[in-house]
Amino acid sequence: MIAIEDLEVRLGDFRLLIGRLEVRDGEYLMVLGPSGVGKTVLLHTLAGLMKPCRGRILVDGEDVTNTPPEKRGFALIPQNYALFPNMSVYDNIAYGLRARGVSEDDVRRTVTELADILEIKHLLGRKPNQLSGGEQQRVAVARALAIKPRILLLDEPLANLDPRLRSKAREFLKGLHQELGFTALHVTHNIADAVYLGERIAYMEEGRLVAVLRPEEFLASKYAKPYIDDLMPVFRSFHG
Amino acid sequence: MSSPLVKGEPFLVTLSALATLLICFIVVPIAALFLMVDPSTMAEVFGGNPMLASQARSAFIVTFKASLLSTTMLLVLGIPLAYILARYDFPGKSVVESLVDVPLMIPHIVAGVMILMAFGRRGLVASLTGIAPEIEDTFWGVVIAMAFVSIPLAVDTVKVAFQSIDPMLEYVARTLGASRFRAFVTVTLPLALKGVIAGAILAWARGLSEVGAILVVAYYPKTVNVLILEWLNVYGLRYAIALAVPFVLLTLALFTALRILQGMVSKR
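Going down the list, the protein sequences come from chains A and B.
Quick note on numbering: the first sequence equals residues 1 to 240 in my numbering.
Quick note on numbering: the second sequence equals residues 1 to 268 in my numbering.
Errors might be hidden in some of the hints.
As the list claims (entries may be wrong) - In silico SDA-like links for lysine to any residue, alpha-carbon gap of 25 Å or less:
{"#": "1", "chain 1": "A", "residue 1": "Lys51", "chain 2": "A", "residue 2": "Ala3"}
{"#": "2", "chain 1": "A", "residue 1": "Lys148", "chain 2": "B", "residue 2": "Leu169"}
{"#": "3", "chain 1": "A", "residue 1": "Lys127", "chain 2": "B", "residue 2": "Met42"}
{"#": "4", "chain 1": "B", "residue 1": "Lys194", "chain 2": "A", "residue 2": "Asn129"}
{"#": "5", "chain 1": "B", "residue 1": "Lys194", "chain 2": "A", "residue 2": "Ala3"}
{"#": "6", "chain 1": "A", "residue 1": "Lys127", "chain 2": "B", "residue 2": "Pro152"}
Keep in mind that the hints were calculated from the coordinates and are not lab data.
Sequences and hints are given; from them, build the entire structure.
Below, the structure is given as structure tokens:
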């Protein structure tokens with residue numbers, strides 16, 4: 001289990017405050033909130049890329065707050081996927097394994113296995129700039145899963161996809177999670193992503209964690225109202 | 001990405017005309033130099049007169065060896081500085097950036113005087129440490145003079161290359177288990193390679209063409225530029241041209257080859 005306790009992160013005038021947040025083993029936790037509430041700051045702090053000025057990050061009780069990113073085992077998938085453009089898809093997926101000194105035979109076995117599961121075997125020889133948005137997303141997920149991370153940190157990975165591709169990618173992530181059972185923390189400002197993918201939704205406002213609810217509880221709560229209010233005029237315009 | 005020129009568009013015609021003027025500004029002096037070559041003087045310099053031939057040969061060797069060494073030195077020291085300037089903010093950063101550009105702003109004769117006052121036998125470093133590097137009229141003096149005047153070209157070009165690379169690539173590499181060093185060597189540096197080559201080409205070119213600082217720090221061993229100046233004064237323009245033409249040809253061929261290599265790297 002990953003636990004955040006009394007976390008405070010400062011970035012200029014901005015302050016992120018998280019009292020307590022837990023991600024259970026195998027859980028897919030969505031962090032939802034409008035732009036600028038500190039979702040990415042939370043993700044980068046968890047990944048070890050930003051230092052908190054207060055609080056602790058625990059993995060099964062072990063304090064990893066000051067552990068460098070390379071020793072933390074938290075795999076990050078940023079919004080633009082950040083695939084290494086100088087490497088093939090194969091080398092991208094193999095990157096973390098090679099950094100850990102895994103033998104080339106084991107690297108090949110893991111990359112092939114993941115490429116099979118994620119249906120990207122035919123892309124292994126290509127460079128990232130030869131892939132579509134959806135393909136890039138799959139490669140980024142494969143690269144992150146290759147190191148068997150303690151948690152997968154996803155930063156709006158669906159934001160750059162067009163609506164049709166977005167819903168397919170959403171289904172793909174849900175199916176993959178059901179198949180492999182990895183632990184994930186996925187931040188988004190999209191309520192549909194949050195409700196469809198999340199086993200629980202952590203809702204944030206102005207740098208603070210406001211509530212952690214199950215999707216059906218969230219939809220019935222006051223926090224869902226602004227999202228629904230935003231859609232109502234659109235529905236009304238169709239129904240007169 | 002560059003696109004093909006479309007014929008007949010007034011804007012592009014004007015641009016092309018102005019661009020052609022600038023190209024002529026470079027090509028005409030080169031052509032004039034080549035047209036003024038006297039074949040008999042050339043034959044004398046590169047074979048007929050053993051004394052002149054030997055002077056020319058050793059000047060070419062000194063110039064290319066020293067400029068290659070100064071460029072290597074600049075890459076070893078300049079890549080870390082360029083990376084720090086591109087990636088990090090720290091107090092006094094703009095002062096450091098201005099310092100890097102100093103050799104670009106001052107006359108190169110003055111740069112030579114500064115090098116002597118700093119690293120010469122009676123220089124600041126010698127008086128503070130008691131260690132006096134042999135730079136006056138030595139090969140290493142030539143290397144240091146070339147390196148000093150080339151610093152801004154090497155550092156600024158490589159810095160721009162690092163700035164153009166998304167830092168997120170390095171962050172992701174680290175979350176995947178790579179140390180800072182491994183992430184730099186396997187991700188950032190290969191992506192900046194085109195810029196590093198461009199910085200090396202510019203620094204090397206600057207070193208090859210340097211004369212002012214070298215005249216002050218190390219007249220000997222003579223570089224091609226110093227020898228051209230000397231022959232101009234002693235034997236006249238014909239001899240200076242006979243030495244300058246092969247030098248221009250050689251550097252032109254080398255830099256064209258390097259630009260092709262740079263293009264190949266960027267297409268990978």
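Item to check | Enumerated hints in conflict with the structure, sorted upward | outcome: Structure breaks hints 3, 5, 6.
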